[in-house]
Amino acid sequence: GAVVSQHPSRVICKSGTSVKIECRSLDFQATTMFWYRQFPKKSLMLMATSNEGSKATYEQGVEKDKFLINHASLTLSTLTVTSAHPEDSSFYICSAGGSSGYNEQFFGPGTRLTVL
Amino acid sequence: AQSVTQPDIHITVSEGASLELRCNYSYGATPYLFWYVQSPGQGLQLLLKYFSGDTLVQGIKGFEAEFKRSQSSFNLRKPSVHWSDAAEYFCAVGARAGKSTFGDGTTLTVKP
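Protein chains in written order, with my numbering: chain G, 4 to 119; chain A, 720 to 831.
Hints listed in this document are in silico derivations from the structure and should not be mistaken for laboratory results.
No residue lacks a Cβ here, since even glycine has one placed at the ideal position from N, Cα and C.
Be aware that one or more of the hints could be misleading.
Result set (DSS-like, lysine-lysine): computed pairs, CA atoms no more than 25 Å apart in a straight line [claimed, not checked]: (1) A:K818 to G:K45; (2) G:K23 to A:K818; (3) G:K45 to A:K780; (4) A:K818 to A:K830.
Pair ranges (Cβ atoms, derived) [stated by the list, open to error]: (5) G:T83 to A:K830: 37 to 45 Å; (6) A:T749 to G:S8: 30 to 38 Å; (7) G:T83 to A:G760: 18 to 26 Å; (8) G:D30 to A:S745: 29 to 37 Å; (9) A:S791 to G:E62: 32 to 40 Å; (10) A:I728 to G:R13: 24 to 32 Å.
Working from the sequences, and respecting the hints, build out all of it.
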């Protein structure tokens with residue numbers, strides 16, 4: 004199957020700093036990537052959909068100025084958490100959509116963000 | 720609007736016993752249905768998916784799921800559970816537009 008990587012796998016930062024998370028599709032071109040947030044013992048919450056070369060589409064309630072998404076190429080999307088606060092601590096997961104048209108998604112291994 | 724319900728928050732089974740995890744969905748058209756497994760601190764791994772055709776779908780690790788349109792269900796089954804199957808399981812429904820809606824997950828504990 005297709006492989007999606009995320010970097011870093013874990014990050015600890017101080018409150019007020021910004022953190023960038025990378026999501027890469029390693030062996031296929033991803034026209035669409037998705038960013039999810041997962042709280043402990045909870046389901047995945049879709050934050051935004053990013054399409055290569057265009058602005059991301061954010062879900063209701065997600066602050067676009069706080070969670071900056073860039074999808075500059077068909078293999079890379081980045082999520083930047085700006086001015087991070089302790090409540091932003093979470094597990095962030097990306098997925099990449101293939102071109103099959105059937106909504107098949109390949110998930111990255113996730114990034115654990117801890118804001119002190 | 721699409722939605723997914725996983726009625727069982729937590730299930731405990733003995734190793735070697737059979738398993739069934741329930742999933743009910745609400746969707747306005749032909750659904751694309753998925754089951755994922757997540758181990759602690761890890762991302763999601765696709766177990767199986769249903770797009771069309773045969774309603775009994777075989778997946779990896781000995782899992783299967785049956786799509787029942789009349790019951791709006793897509794239950795996951797395994798005839799004999801192994802200790803390594805202990806994990807969080809998510810059912811999801813997706814649209815061609817590309818968004819998946821996930822259920823709240825079922826935590827599976829396997830007793831020795």
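Going through the hints against the structure:
| no. | hint | in the structure |
| --- | --- | --- |
| 1 | A:K818 to G:K45 | 18 Å, holds |
| 2 | G:K23 to A:K818 | 23 Å, holds |
| 3 | G:K45 to A:K780 | 24 Å, holds |
| 4 | A:K818 to A:K830 | 35 Å, violated |
| 5 | G:T83 to A:K830: 37 to 45 Å | 44 Å, holds |
| 6 | A:T749 to G:S8: 30 to 38 Å | 32 Å, holds |
| 7 | G:T83 to A:G760: 18 to 26 Å | 22 Å, holds |
| 8 | G:D30 to A:S745: 29 to 37 Å | 35 Å, holds |
| 9 | A:S791 to G:E62: 32 to 40 Å | 24 Å, violated |
| 10 | A:I728 to G:R13: 24 to 32 Å | 27 Å, holds |
The structure shown violates the earlier hints numbered 4, 9.
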